[in-house]
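There are 2 protein chains.
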Amino acid sequence: MNPRLSRRAARLTSSLIRDILQVTQRPGVISFAGGLPAQELMPNPDFTGLTEDYRQYGPSEGEPALRSLIAQNLSLLGLTCGADQVLVTSGSQQGIDLVGKLFVDEGSPVLLEAPTYLATIQALDVYGAELQGLPLSADGIDPDALRRVIAHNRPAFVYLIPTFQNPSGCCYTDEVRRAVAGVLDETGVPLIEDDPYRDLVYQPADRTPICAYLRRAPWVYLGSFSKITAPGLRVGYLAASPSLFPGLVRLKQASDLHTNRLGQVWLARFLNSDEFAAHRARMIGVYRERRDTMQTALLHHFAELAEWQVPAGGLFFWLRLSADCDTLAALQAALARDVAFMPGEPFFPLWSLPYPAVRLNFSHAAPEQIEQGIAVLGELLSGLAGGVPSRHSRASVSV
Amino acid sequence: MNPRLSRRAARLTSSLIRDILQVTQRPGVISFAGGLPAQELMPNPDFTGLTEDYRQYGPSEGEPALRSLIAQNLSLLGLTCGADQVLVTSGSQQGIDLVGKLFVDEGSPVLLEAPTYLATIQALDVYGAELQGLPLSADGIDPDALRRVIAHNRPAFVYLIPTFQNPSGCCYTDEVRRAVAGVLDETGVPLIEDDPYRDLVYQPADRTPICAYLRRAPWVYLGSFSKITAPGLRVGYLAASPSLFPGLVRLKQASDLHTNRLGQVWLARFLNSDEFAAHRARMIGVYRERRDTMQTALLHHFAELAEWQVPAGGLFFWLRLSADCDTLAALQAALARDVAFMPGEPFFPLWSLPYPAVRLNFSHAAPEQIEQGIAVLGELLSGLAGGVPSRHSRASVSV
Numbered sequence: 001m002n003p004r005l006s007r008r009a010a011r012l013t014s015s016l017i018r019d020i021l022q023v024t025q026r027p028g029v030i031s032f033a034g035g036l037p038a039q040e041l042m043p044n045p046d047f048t049g050l051t052e053d054y055r056q057y058g059p060s061e062g063e064p065a066l067r068s069l070i071a072q073n074l075s076l077l078g079l080t081c082g083a084d085q086v087l088v089t090s091g092s093q094q095g096i097d098l099v100g101k102l103f104v105d106e107g108s109p110v111l112l113e114a115p116t117y118l119a120t121i122q123a124l125d126v127y128g129a130e131l132q133g134l135p136l137s138a139d140g141i142d143p144d145a146l147r148r149v150i151a152h153n154r155p156a157f158v159y160l161i162p163t164f165q166n167p168s169g170c171c172y173t174d175e176v177r178r179a180v181a182g183v184l185d186e187t188g189v190p191l192i193e194d195d196p197y198r199d200l201v202y203q204p205a206d207r208t209p210i211c212a213y214l215r216r217a218p219w220v221y222l223g224s225f226s227k228i229t230a231p232g233l234r235v236g237y238l239a240a241s242p243s244l245f246p247g248l249v250r251l252k253q254a255s256d257l258h259t260n261r262l263g264q265v266w267l268a269r270f271l272n273s274d275e276f277a278a279h280r281a282r283m284i285g286v287y288r289e290r291r292d293t294m295q296t297a298l299l300h301h302f303a304e305l306a307e308w309q310v311p312a313g314g315l316f317f318w319l320r321l322s323a324d325c326d327t328l329a330a331l332q333a334a335l336a337r338d339v340a341f342m343p344g345e346p347f348f349p350l351w352s353l354p355y356p357a358v359r360l361n362f363s364h365a366a367p368e369q370i371e372q373g374i375a376v377l378g379e380l381l382s383g384l385a386g387g388v389p390s391r392h393s394r395a396s397v398s399v
Numbered sequence: 001m002n003p004r005l006s007r008r009a010a011r012l013t014s015s016l017i018r019d020i021l022q023v024t025q026r027p028g029v030i031s032f033a034g035g036l037p038a039q040e041l042m043p044n045p046d047f048t049g050l051t052e053d054y055r056q057y058g059p060s061e062g063e064p065a066l067r068s069l070i071a072q073n074l075s076l077l078g079l080t081c082g083a084d085q086v087l088v089t090s091g092s093q094q095g096i097d098l099v100g101k102l103f104v105d106e107g108s109p110v111l112l113e114a115p116t117y118l119a120t121i122q123a124l125d126v127y128g129a130e131l132q133g134l135p136l137s138a139d140g141i142d143p144d145a146l147r148r149v150i151a152h153n154r155p156a157f158v159y160l161i162p163t164f165q166n167p168s169g170c171c172y173t174d175e176v177r178r179a180v181a182g183v184l185d186e187t188g189v190p191l192i193e194d195d196p197y198r199d200l201v202y203q204p205a206d207r208t209p210i211c212a213y214l215r216r217a218p219w220v221y222l223g224s225f226s227k228i229t230a231p232g233l234r235v236g237y238l239a240a241s242p243s244l245f246p247g248l249v250r251l252k253q254a255s256d257l258h259t260n261r262l263g264q265v266w267l268a269r270f271l272n273s274d275e276f277a278a279h280r281a282r283m284i285g286v287y288r289e290r291r292d293t294m295q296t297a298l299l300h301h302f303a304e305l306a307e308w309q310v311p312a313g314g315l316f317f318w319l320r321l322s323a324d325c326d327t328l329a330a331l332q333a334a335l336a337r338d339v340a341f342m343p344g345e346p347f348f349p350l351w352s353l354p355y356p357a358v359r360l361n362f363s364h365a366a367p368e369q370i371e372q373g374i375a376v377l378g379e380l381l382s383g384l385a386g387g388v389p390s391r392h393s394r395a396s397v398s399v
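Quick mapping for you: the protein sequence lines, in order, are chains A and B. FYI, my numbering numbers position 112 of the first sequence as 112, with every residue one higher than the one before it. FYI, my numbering numbers position 243 of the second sequence as 243, with every residue one higher than the one before it.
If you anchor each label on the Cβ, the simulated ranges turn out as follows:
#	chain 1	residue 1	chain 2	residue 2	range
1	B	Glu275	A	Asp19	33 to 43 Å
2	A	Arg26	B	Asp292	52 to 62 Å
3	A	Asp46	B	Arg154	52 to 62 Å
4	A	Asp326	B	Asp19	54 to 64 Å
5	B	Asp292	A	Glu40	50 to 60 Å
6	B	Thr48	A	Pro135	43 to 53 Å
7	B	Ser243	A	Glu52	37 to 47 Å
Facing chain A, from chain B, some residues (calculated, C-beta under 8 Å):
#	residue
8	Arg7
9	Leu36
10	Gly263
Don't read these hints as lab results, they were simulated from the structure. No residue lacks a Cβ here, since even glycine has one placed at the ideal position from N, Cα and C.
Make the full structure from the sequences, and use the hints.
Right under this line is the structure:
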């Protein structure tokens, strides 16, 4: 018997990405596919001596100690914000879902970067958003293009990942950050700023949140502990301007009452401890080394095959392929040789691929595996490309 | 600057209930308001020796060991179900939200009991469901009434809490369970069966899930560990018929990727241990005693003021007041004397109160507090009622 489902259910995207990610977790596969932190670098949580209140139901907004700590940290970044503007979420993915719930009716226009985080595309698709992509250059989006698109197609909000963007690795310059904030203040369009990678910084880069530059426009800032501690705890957060905060809390309450308290209580203690700085420095050191290993391997094997920027932070290289290539077919071939990567297609709204690309994660695999896997991919893509110049090679998008 | 929000956001219900629950958590208040388990009875989780995989991202469906255990337990209840039909959720509240997401468009009719769990009303309101209440008698809903309402107003699904219902404490007889299943099989309307209280059983009662009696109709069974272990862990689950399961998993993934793994891994170990049976027996024993204490106090102080059934399980007494009474005003008066309860209004769809009622939780307060608090409430309500006979006293609803 086929039940009658919501129109929302009919919009559920294919399980292709789920399928890809499941295959890449097969033992023996060198995976550059997911955005997985390295498990061996994660802290070993010590739960002894925690107050036992964490077993009872807790406040929807989150644990007071953690909320205060988050607000203090945001204020240090220039984003002046009280603890009463912080909502602890079940991972920052939930923040994206709550934003969709708060803002999006079927057909609501939403602006985001192209390419962008694929699970944001999925989460907003569920609510029926009409997604429109803003091309990224190495400096960020073009503020003038943003102003034009807003004037033409008044979006419910603009969703950006300005710091070590997923998938492109792009980090907006301070000039672009200020200009984007200016456009949003002018037009009053809300900014959703997703910032999960900010702590993973390998060289100097502008990182002031765009939200910190806003004076009038409403905003939601999405933060994560998954990349710098342990994603399995599922503790993230959002901070929001006062006009948006109460609605987000009520939607959180209706969604899952509150976030698991054990993870929150442990995190509040760990982030406040001396251990944390040492842990972060160690994690950053190892990731920087892996990034550099991948860069060296790419220079060796991909110089003729692709263009890319060295990411100043985050987890990914984004390779714009020089020749036309069916990256989904390439993935099948790579998996047959026990190497995995993410095809570029799913990172574009409506899979409207302006150029062939692949995303390579460098945090999960060990350096020897990185060298070995990149060599396999280089050999494979150079065979597949077969010298056919890309039909996309004149596109204006450069990241 | 006022952002343009979704129509969904405009439907967010008032924060009255949040406000009530916050006040009731003031130190020194004897609270019969929330559905809080007794913290002193919760297990003290021991996290030593767990595999460290729980720190990494995990599968959206949940931890395999916990899913298997859940499927085995459901099969013992007569609900034949594979582990591949089990989805671990961030509390069973998330199951309700996912069901809303999967089924409900603005204006979709949904049938539920009147009264019913207030957070289900809130969660489905968010999606714009048109909620219609089925009156409850001591045996459950009337299967013939169910058939008539389905024929008239084809609902997206029927949501029921057949075992130790919240707020009424009602437990459907086996005859009603089978008859309800028959109507749903005839009509093909999906059943959402919410079953968080089943383990809290104080005397013999029919408890076979209605889902176990279905032969054709699609179903979702929502289960909880919050009442029998520790709600702060936020681990619940759903099981679903094969036609519904894949959509629910994808919606889960878009909502928060997966449920926190630490809680799952610990629960799988605890539920499998010898400790669990002893813990459950102890918790049930204490709650039974508290139920009996409340019953004795009610007989003493409420005999003239209300009608009620002694609940065979669960967490609540539901008192149908004999005289008309503004229960919200009564709550204010009770809080002034440091006693809290839940007014009946929010448990009815659209607050369409067919009779004045209050819900009293008996699991959280200690026996002396129960006696003291019920005495205060009795005195207060007998003063407020002032001998005015209820305008609702002839209503056909008897629970």
